[in-house]
Amino acid sequence: SAVISQKPSRDICQRGTSLTIQCQVDSQVTMMFWYRQQPGQSLTLIATANQGSEATYESGFVIDKFPISRPNLTFSTLTVSNMSPEDSSIYLCSVQSGTNEKLFFGSGTQLSVL
Amino acid sequence: KQEVTQIPAALSVPEGENLVLNCSFTDSAIYNLQWFRQDPGKGLTSLLLIQSSQREQTSGRLNASLDKSSGRSTLYIAASQPGDSATYLCAVPRTDSWGKLQFGAGTQVVVTP
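For the protein sequence lines, the chains are A and B, in the order given. Those letters in the first sequence? Residues 1 to 114, by the working numbering. Those letters in the second sequence? Residues 1 to 113, by the working numbering.
These are calculated hints, taken from the structure and not from any lab test. A virtual CB, placed ideally from N, CA and C, is assigned to each residue, including glycine. Keep in mind that the hints are not guaranteed to be accurate.
Now the stretches of chain B that chain A is said to cover, found in silico as 3 or more residues with beta-carbon under 8 angstroms [stated by the list, open to error]:
id, segment
1, 23 to 34
2, 42 to 48
3, 64 to 73
Some chain B residues judged to face chain A by a derived CB distance under 10 angstroms, without partners named [what the hints assert, rightly or not]:
id, residue
4, 7
5, 51
6, 93
Lysine-lysine pairs mimicking DSBU-like chemistry, simulated, CA-CA at most 30 angstroms apart [stated by the list, open to error]:
id, chain 1, residue 1, chain 2, residue 2
7, B, 1, A, 7
8, B, 42, A, 102
9, B, 100, B, 42
10, B, 100, B, 1
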């Protein structure tokens, strides 16, 4: 299994500011995934973070709004830029560990934008 | 496009009763199906993963079944406890990448003492 450390666990931010969320894994993984869970909704994939190349974004999500870094095989960051109240959500990172096919999730970042 | 549905959306049971949570999916060509637990405001904890070749997977009080032909999975939780109160989500991999999951909306479970 993979142990994922995600921080911050929660934050309250002002409209127009940016927040960077960090995700650290205890082992090397090829792909990391970033999800968003809006209030009362299920999870939606934002992007796939690949080491050594640009992230791949899902329909409806753009790099200018959600820039992602992946400097090595154990770490990634997601930035939520120019925030508005509609960005209030739980943001989660996820990895697939080895050949198990199980996906493991970080503890999530609960973001509230005022 | 794969669609995943969970019924019921919410469930409340007294302690000791068995829980039955349902998950259905529209495209039966799945590699596996995974059940997760989510506590309020928190991340997801993986409970069980069933491979497409399996019909059942068990872990302690949890048992998950899979019927690919009918596009259904069921999560059974035996002898429920207040600590089982959480939202339970099922998910299947998208065909373009096993790491990308399509989630159901979840079943919110409350177990009353």
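Each hint, compared with the structure:
no. : hint          : in the structure
1   : 23 to 34      : holds (count 3)
2   : 42 to 48      : holds (count 5)
3   : 64 to 73      : violated (count 0)
4   : 7             : violated, 14 angstroms
5   : 51            : holds, 8 angstroms
6   : 93            : holds, 8 angstroms
7   : B/1 to A/7    : violated, 33 angstroms
8   : B/42 to A/102 : holds, 19 angstroms
9   : B/100 to B/42 : holds, 20 angstroms
10  : B/100 to B/1  : holds, 13 angstroms
Against the hints set out earlier in the document, violations occur for numbers 3, 4, 7.
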